Every structure is written in C-alpha cells, then in structure tokens.
Amino acid sequence: MALRRIRYPLLVLCALLFLVTPSAIYSCGPFLETAVFAFRDQPDGPPENFAGGTLGIIRPSFRSSYLVIAYRYLIGLKLTPTQQKAAIDVWNRDAVPEHPSEDDSISTWRKARNQIPDFPAGYPISAFAPISPEQPYFSYLNCSSDAFLSATKTLAERSAKFGIQAAALRDWASGQDAVFANCSGGAPVVPAELAAGDALQRADRAYQIACANFYSRSFDDAVRDFDTIASDSSSPWAAISPYLAARALIRKATLDAKENQPFDPGPMAAAQQRLEHIVNDPKAGAIHAPALRLLNYVRFRTEPAKRVAELEQVLLRPDPGPDFKQDLWDYVLLLSHGEEAGDLSDWIKTFSSLAPNAASRDQQGQSTTHALEAWRTTKATPWLIAALQGIDPKSPNVSRLLVDARATKPSSANLSIQYYALALMAESGQQDAARKELDRLLSTINAETPADPTTPLGSYNLLNDIRLSLTTNIDDFLAHAAERSVGADEGPGTDEQLDNPGGVRRDDKFLTPYSAKVFQKRMPISLLVKAAQSTILPQALRRDVARSTWTRAILLGDLNTASTLQPTLQELDLPLWKSMEPFRAAPSDAAKHFAGIFIILQNAGLKPSAREGYFRTETLGEINSYRDNWWCASMSGGANWGDSVGIDAGVPVAQDRDSKFTFPSWVNESQKSAAQSEWSKLAALGTAPNYLAQQAVARGKKSPEDPLVPQALYLSVRATRFGCADKETSAFSKAAFDFLHQHYPKSEWTEKTKYYY
Amino acid sequence: MLWAWERPEDLRFLNPQNVAVAFLAATVELHDGQATVHPRFQPLRVPGQAKLVAVVRIETAASIAKRDRLYRVAIHRGTQPAALNATQLQQSVSLIAHAASLPRVVAVQVDFDATLSERAFYRELLVELRRQLGPRLPISITALASWCVDHDWLATLPIDEAVPMLFRMGAGTNEITTRLASGRDFREPLCRGSLGLSTDERWTPLPAGRRLYVFSPQPWTQQAELGVLWETRSWH
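Chains A and E, in that order, are what the protein sequence lines are. The first sequence begins at 1 in this note's numbering and counts up one residue at a time. The second sequence begins at 1 in this note's numbering and counts up one residue at a time.
Please keep in mind that the hints were generated in silico from the structure rather than gathered at the bench. Just to be clear, a hint being listed does not mean it is correct.
[To be verified] Quick list of the computed label-pair ranges, beta carbon to beta carbon:
1) E:V127 <-> A:Q742: 44 to 54 Å
2) A:N92 <-> E:V127: 33 to 43 Å
3) A:D94 <-> E:P219: 56 to 66 Å
[What the hints assert, rightly or not] Far from chain A, by Cβ distances over 10 Å, these chain E residues were calculated:
4) A25
5) G33
6) L52
7) A97
8) L102
9) P103
10) L137
11) D152
12) T156
13) L157
14) E161
15) P189
[To be verified] One side only, chain E facing chain A, incomplete, derived with CB under 10 Å:
16) P8
17) D10
18) F13
19) N15
20) L24
21) A26
22) A99
23) V105
24) A107
25) P135
26) R136
Here the structure is a predicted model, which means the values were calculated and not measured. Glycine included, every Cβ here is placed at the ideal spot set by N, Cα and C.
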C-alpha cells in the first residue's frame with residue numbers, strides 16, 4: 001500500500017463524516033428566481049477578490065469561512081495565492097481533493113489483472129460495504145480508489161519482476177482478488193499464507209492478509225498483522241504498517257461504536273497514542289505527514305476544545321502553513337459544533353449574532369455590549385465593525401464610536417467601517433451629514449462599470465440602500481431607487497445564485513424591495529405619474545411605472561389620470577398605447593373604464609404596483625406558466641409566486657401590516673392622505689381573476705350590447721385559470737363562464753371557452 | 001408510509017402493522033456521461049417486522065446544478081451536460097435492482113424529476129427495470145403533481161404507482177389543492193392510489209383511502225408520526 005493510498009481515504013472519511021447531511025434535502029422544481037442586491041451569506045464578485053483582501057462590506061450573516069478570512073485581513077494579515085485558493089475551495093465546500101471515482105479505479109484494476117493470461121475472473125467488487133448485518137441499508141466507503149490504483153501499480157511492478165505468466169504473479173493477483181472481495185462486506189475472505197516463495201512474495205502475502213483483515217473488519221487481527229510487518233525490516237511494507245495499524249484502530253473505533261456513541265473511546269485513544277508516537281519519531285519519514293493529518297482527525301473528535309484553540313493559533317499566524325485548507329475547514333466545522341477558542345471565534349460568534357433575526361433582542365444587546373468592550377480593550381478593527389453594527393442609535397456611545405470610525409487608517413476594513421458608520425449616522429439624527437458623505441462616496445465608486453475591482457456591486461448597493469432611505473424629494477428618490485442585482489435567490493434550502501438568470505443584462509437595473517414598497521404603498525397616484533414622466537429612472541423601469549400607474553388609475557376609477565398618462569405611454573410603450581384606442585375613443589366614463597378593464601384582461605403583465613426585482617420574462621400580453629400574471633390580493637409589486645394560497649386559507653387582503661414602514665420625508669401630509677386612501681381602495685379589490693371576472697359580468701349585465709363583453713368574459717375565465725387564485729376564484733370563474741354561455745351562445749368566444757376553473 | 005431520507009433515522013417506535021418505511025437507499029448522479037453512485041451513508045433503524053420500500057433518487061445535470069455550487073460554476077463556464085446514455089441506464093437499473101434485493105424490501109421507488117428531454121431515458125430505464133425485477137415486485141415512482149394532471153406519458157410507463165408529490169409545488173400549489181378539494185381527481189389513474197405530503201406544509205383535505213407517503217424535513221420522532229396519524233385519521 002503506498003502512502004497515496006492512505007491519504008485519500010483519510011480525507012474522504014473526514015469529509016464523509018461531516019458532509020453526509022445534505023443542506024438541500026429535497027428539492028422539487030420549479031425554482032423561481034428573485035433578484036438579490038447584496039448577498040446575505042457570501043460576498044459578491046469573483047471570490048478571488050475577497051480571498052485577496054478586497055473585502056467590500058463584511059456582513060454578519062456571511063458564513064464563518066468568509067469571516068475567518070475577513071478577520072485575518074482586518075488585523076493586517078495576508079494570504080499567499082495558494083492559501084487564497086485553499087480558502088476558495090473551502091467556500092465552495094470542495095474539501096476532498098480531486099480523485100478518480102471508485103468505479104473508474106475498480107475498472108482500472110480489473111483491466112490490469114485481466115492482462116494475466118488465462119487468469120480466472122475475480123470476485124465482484126463494490127467499494128461500499130454495509131455498516132453491519134443489522135444495518136444493511138447504511139453503507140460506508142470501505143475500499144477507496146487509491147486501494148485499487150495502488151494494487152494496479154504493485155501488479156505492474158511484480159509483473160516486471162516475476163513476468164506476467166509467472167506463478168508468483170498469479171499467486172499475488174489471487175491474493176489481491178481475495179483482499180478486494182472484502183470490500184463489499186459479507187463473509188471474510190483472507191488469502192492463505194504462502195508455504196513457499198521468496199522473501200518478497202511472503203512479505204506481499206503477509207501484507208495482503210493484513211489488508212484482508214482490515215477490509216473484513218477483523219481489526220484486532222489487522223493491528224496484530226501490521227505490527228508484525230512493521231517489525232520486519234526486510235518487508236517493503238514495514239514503513240507504512242504502523243500507520244495502517246493506527247488506521248485499523250480508528251476504523252474499529254468508528255464502526256464498532258455503540259449506538260448513540262460517535263466512536264468507541266478505547267481504540268480511538270489507542271490510535272491517538274500510536275499516531276503521536278509516529279509524529280514524534282524523527283525517523284518516521286514518509287508517514288510523518290499522513291500520520292499528523294490522521295492525528296488531527298482523531299483529536300478533532302477526542303480533544304475538540306484543544307484542537308479548535310490550536311487551529312485558531314495556526315490560522316492567525318502570518319503564514320498559516322501548507323495545511324491551511326484542512327485547518328480552515330476543521331476550524332469552521334468545530335465552530336459550527338459550538339466550540340470556541342480565542343478572539344477570532346469570539347468575534348465570529350458575536351458579529352454573527354448581530355445579523356438581523358440571528359438572535360433575540362436581549363442577546364444582540366449583550367453582543368453589542370461585548371463588542372464595545374472588546375473594541376475599547378483591544379482597539380482591533382473587527383471589534384469596531386461589530387460595535388458599529390450592533391450599537392443602538394440612541395446609545396450615548398454613538399458619538400465616541402463614530403469618532404473612532406473616522407480615525408481608522410486606510411485598510412481592507414474601510415468600506416465596512418464607512419458603511420456601518422453611515423448607517424448609524426442615518427439612524428442617529430445625522431441624516432444630512434450621512435447623505436453628504438454617501439453622495440461623495442457613491443460618486444467615487446465606479447459601480448456603473450462592469451467590474452470595479454475595489455468595490456463589489458453588493459457593497460455599492462448596500463451604501464445606496466442607506467442613501468435611498470435619506471432621499472429629500474421625488475427626483476432624489478428616483479435617482480437611487482434602482483440597483484443592479486448581484487445574483488438570484490431561489491428560496492429556502494438553496495444557495496444564493498452567483499449569476500442573474502439568462503436574459504438579464506449586466507447593466508439592467510431593478511427596483512429594490514424598499515423602493516418597490518414605496519411605489520406600492522407610500523406614493524399617491526399623482527406622484528406615481530410624476531415618476532413615470534420623469535426621465536430619471538432607466539427607460540425599462542419608467543415604462544413599468546407608467547404601465548402600473550395606468551393600471552392603478554383604472555382600478556381606482558381615476559380616468560383623468562389614466563388619460564393623462566397616454567402621452568407617456570405613447571413615448572414608452574407604443575404597442576400598448578396603440579392597443580388603448582378603445583379606451584381613448586370610449587364615449588362615456590363607464591365605457592372608458594370597461595375599455596381599461598378589457599386592456600388589462602388582454603395583458604397578463606399589467607398590475608397596479610411597480611415591479612420589484614426582475615421583470616417578468618414574458619411579454620406584456622403573454623401568460624406566465626407559474627401564475628405570475630396580473631396581481632394577487634396583496635397587490636405586491638413582486639412576482640406572484642409566493643402569494644398563491646391553499647384552498648383552506650382565508651381570502652388574503654392587502655392589509656398594510658407594516659406600520660413601521662414610514663413615508664419618505666418628501667411625501668407631504670396631503671399626499672400621505674391620498675396614498676392611504678388609494679391604498680385602501682386597492683386593498684378592497686382582491687385578487688385579479690376575481691375582480692376582472694366580476695367586472696366582465698357586471699358590464700355584460702349593464703351593457704350586453706357592448707361588443708367587447710363576450711371576449712372580456714372569455715379572457716376573464718382565462719384569468720381565473722392563469723391568475724392568482726383564492727378559494728372564491730372558482731365561483732367567479734363559473735359565473736363568467738355561465739354568463740358567456742347563456743347570453744352569447746353563438747359567439748366565437750363562447751366556442752373557445754370550454755371550461756371554467 | 002414514512003419517507004426516511006438521507007439522515008440518521010431511528011424508526012423503531014413504529015407499529016409495523018400500520019406504517020411502513022420508504023427509505024432512501026441510494027442516489028445516482030448522471031452527469032458527464034457517467035453514473036456516480038452514492039449509497040445511503042446514514043443509519044436507518046426500523047422495527048423487526050417493518051415493510052420497506054427502497055427509494056433510489058436519480059439526479060441529472062439540472063438537479064445537481066441546483067444544489068451543487070461547483071457543478072453550477074462548471075456549467076456556467078461552458079461545460080454543457082452530456083446526453084444520458086445506455087451505460088448510465090444500465091448502471092442505474094443495476095443499482096435499483098440491488099436496492100430491491102435488500103432485506104425486507106417489498107417494493108422499489110424511483111425518485112427522478114425528469115425534465116421533458118429526459119423522459120425517454122426515464123421510460124427506457126423503467127422498462128429495463130421491470131424486465132430485470134419481473135412482474136411481481138411493485139415499482140413506484142414519485143411524480144410531480146403536474147404530471148398527474150396535464151401529461152399522458154405516465155400511462156406508458158411499466159409501473160404500479162405514481163405518487164403525486166403534493167409539497168414544494170411552488171406556483172402550482174393552488175391549482176392542485178383546489179382541484180382535489182373540489183372533488184376532481186388526477187387525470188392519470190396511476191396517480192390515484194397514493195399521495196406524497198410533507199410535515200412542514202399545510203395539508204388541505206385530500207381524497208380518502210390512499211396510501212400516504214409522508215416526508216419530514218427533520219428526523220422522524222414518535223411525536224411527529226403520531227401527528228401524521230392524527231392528521232389523517234379521517235382519511236381512511
């Protein structure tokens with residue numbers, strides 16, 4: 001067995017023990033993407049930037065593996081390119097080195113042994129074995145790829161020495177077949193001792209017997225055999241055997257553990273003792289490094305508190321050494337198991353607890369007190385960031401902390417310190433100063449270009465978010481309302497997507513959740529018209545605001561506003577404007593309103609709130625397959641996906657439950673009153689299919705001669721199929737269907753309406 | 001029927017007369033023209049008399065990319081998923097057949113969210129599986145609820161059961177629950193014998209007399225199992 005053969009199984013075992021619980025346990029599609037403007041779990045931009053010290057704004061919700069690297073840079077330590085690559089591997093959860101698959105390695109071995117002329121077929125081989133006869137459904141990797149590759153290499157060497165047709169070679173290969181017969185579990189197969197043969201043949205066979213005992217879980221026999229081989233200085237396997245004896249003990253400790261016991265402490269302690277002996281032996285030679293890794297594996301389990309402290313020391317050395325990847329991986333895992341060490345783990349725990357909803361208000365208060373104290377004591381930048389993030393804007397310590405923030409020297413921490421300080425200023429009565437500083441800062445960051453190497457887009461967006469909360473008039477709001485997205489979110493249980501969906505261009509801007517909410521609930525229609533007419537928003541967003549404001553005007557019965565918007569719609573959306581001719585030509589208000597309803601029915605992309613995040617992928621008139629059509633009762637500007645309700649749910653209403661969501665300062669009292677009144681009217685309308693079907697039937701009853709009515713009824717039944725439905729939708733669908741069939745039996749639209757929904 | 005997924009599960013509290021266990025026996029990943037097998041790496045403890053259904057999950061480039069960042073990155077950089085091939089089919093069938101041979105297994109279930117372009121492969125796989133297992137061992141598959149409503153292809157499969165997955169349905173939730181609550185059943189008869197539910201999603205009243213497969217995002221406990229029995233007491 002070569003060293004390489006040992007190293008990989010060890011790493012695989014380490015990885016398997018921690019990676020077997022998948023994060024996304026069960027995922028059925030479809031996966032619907034929403035825009036993300038700053039990642040919660042990770043920095044945005046190329047990971048090489050963060051690994052190289054361009055940290056952007058460090059968020060408390062980042063995974064620990066990012067926070068470790070951030071901390072190093074924050075205290076002035078750097079990483080070599082190799083270590084940076086190792087950090088990226090850990091972020092990618094790529095803990096196991098590249099290696100051939102077990103299936104490929106078994107195939108390679110089979111091909112090699114089948115080269116021996118007239119050699120009988122071997123046993124079937126599977127690398128995985130059941131844990132026990134009582135647990136036949138639960139497997140472990142018994143024989144790793146390297147076992148087969150090492151055997152293939154030895155076969156070539158022995159073939160060169162003995163000749164491919166030699167009996168000695170056939171004996172060796174038979175013995176190796178027997179060894180691998182144990183890989184899949186089952187009855188032990190141990191090759192017989194050699195009665196004859198030279199010293200090498202006997203040494204090989206002794207080694208095969210030891211390995212067979214190892215794979216067949218006769219661990220005590222395996223330890224005895226490896227010890228014997230180790231004492232035979234003539235054996236080519238002598239050097240490796242002490243290490244393998246320790247491995248046998250570890251397998252015994254893990255596989256023979258009692259239920260509810262992570263490992264059997266006896267053999268694990270024995271393994272640790274043996275490994276410590278190897279590591280401390282200056283003559284250990286080639287097995288020293290793998291033995292040390294295996295010892296670390298053991299101590300991870302037997303002495304986690306000591307190990308995490310050691311790892312923290314190593315990780316905070318100016319040069320953390322060649323095992324940085326494994327050390328970082330182990331350290332992060334130990335933290336996730338609740339282990340704590342020194343300042344680094346203290347900071348990660350404290351800072352992480354300050355993420356929104358990460359801990360109770362009391363716990364966050366304690367964390368902030370601790371961060372402030374740590375900052376006063378250590379004057380270490382990570383603690384300043386934590387203190388700035390956590391501190392109550394009303395705290396008497398705010399002024400002092402902001403002075404400290406301003407006094408920091410340029411470093412990787414700058415953007416984080418500026419961000420948290422500005423957020424604090426914005427919340428602590430220093431809005432004007434914060435606004436001025438943000439304007440200066442944002443103007444220096446060239447986020448309009450695709451790749452600003454110093455400021456990740458997500459950081460730019462976070463700064464812009466503060467600025468967005470400090471706008472002074474509608475133009476100022478419109479100038480900051482839209483951001484470019486850093487990637488996508490597919491919902492719980494999935495990783496944040498580093499890329500935007502296909503079709504989204506790098507420079508496309510979208511309304512943020514905050515700005516969309518302002519459009520939705522905090523602006524009266526008069527201001528919405530101004531926003532549509534203004535040229536500040538990007539053209540695509542202006543068009544969306546114009547469409548949604550026109551729709552809102554129709555729903556509110558504000559026909560003057562709907563007419564006022566015609567020139568803007570003509571400028572921004574000529575096809576839609578052309579289709580609005582019946583609206584413009586309608587002879588009465590009632591006809592005009594119904595013409596508006598008809599246009600809405602024709603265009604599934606129309607809703608009364610400006611769109612949050614990505615636009616619909618369909619054209620205005622196309623139906624979205626996942627019911628992202630028209631609006632739901634919530635009147636949300638986002639996609640309708642989350643608003644589908646089960647049939648046992650009550651009818652959701654568009655209540656404004658978010659009373660803490662204040663009006664922007666530039667909305668005056670009369671505008672606030674108008675916005676609230678309009679919102680109340682909208683809230684009463686309910687989900688689109690119900691409202692639209694109701695309107696179509698009502699028009700049919702009042703003006704049955706209106707030529708648009710049959711088509712409107714057809715379209716409204718279609719809307720109940722593809723729109724955002726609730727438990728009352730079916731009744732509205734049936735009512736429209738019945739009215740159509742009863743009153744317009746010969747209409748082509750009746751012919752097309754075969755079902756209700 | 002409790003689904004026991006890839007996590008330690010101790011189900012010895014179950015009454016095997018009432019409840020059986022469908023356990024994830026293995027996952028096979030089909031990508032880059034190869035099949036990579038991941039047997040179950042977590043304990044499963046069941047009562048001595050428990051009846052078991054061995055579940056084999058099949059994942060392809062699309063589903064792997066959803067949960068595997070590295071794979072997604074590779075695709076993003078231009079590595080296009082290879083088409084599914086005959087070798088992958090044979091390896092998958094062998095794996096499922098092996099799972100069927102495990103002690104106390106009375107049926108197999110294949111869990112494969114096949115995309116439109118993967119359905120021909122899936123069908124061939126099931127045909128070959130049926131050939132190898134013979135007619136007596138039941139073959140079940142999990143089915144996206146939309147398959148049971150809108151598609152005819154299930155009818156062409158040599159299976160005994162398609163379990164409509166009534167959870168994680170996203171935008172289709174309302175359509176399916178409304179349909180069932182209004183008394184309209186699935187179009188596809190193979191979908192009318194069972195239902196797939198999850199403990200973390202609200203259950204609306206559903207058709208009675210069907211075999212229930214219940215998923216739990218957390219390891220099963222006796223309390224959770226009793227909750228399922230209580231919730232479904234009137235469905236039998």
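Problem set entry | Numbers of unmet hints, in rising order | Per hint list: 3, 4, 6, 8, 9, 18, 19, 24, 25, 26 violated.
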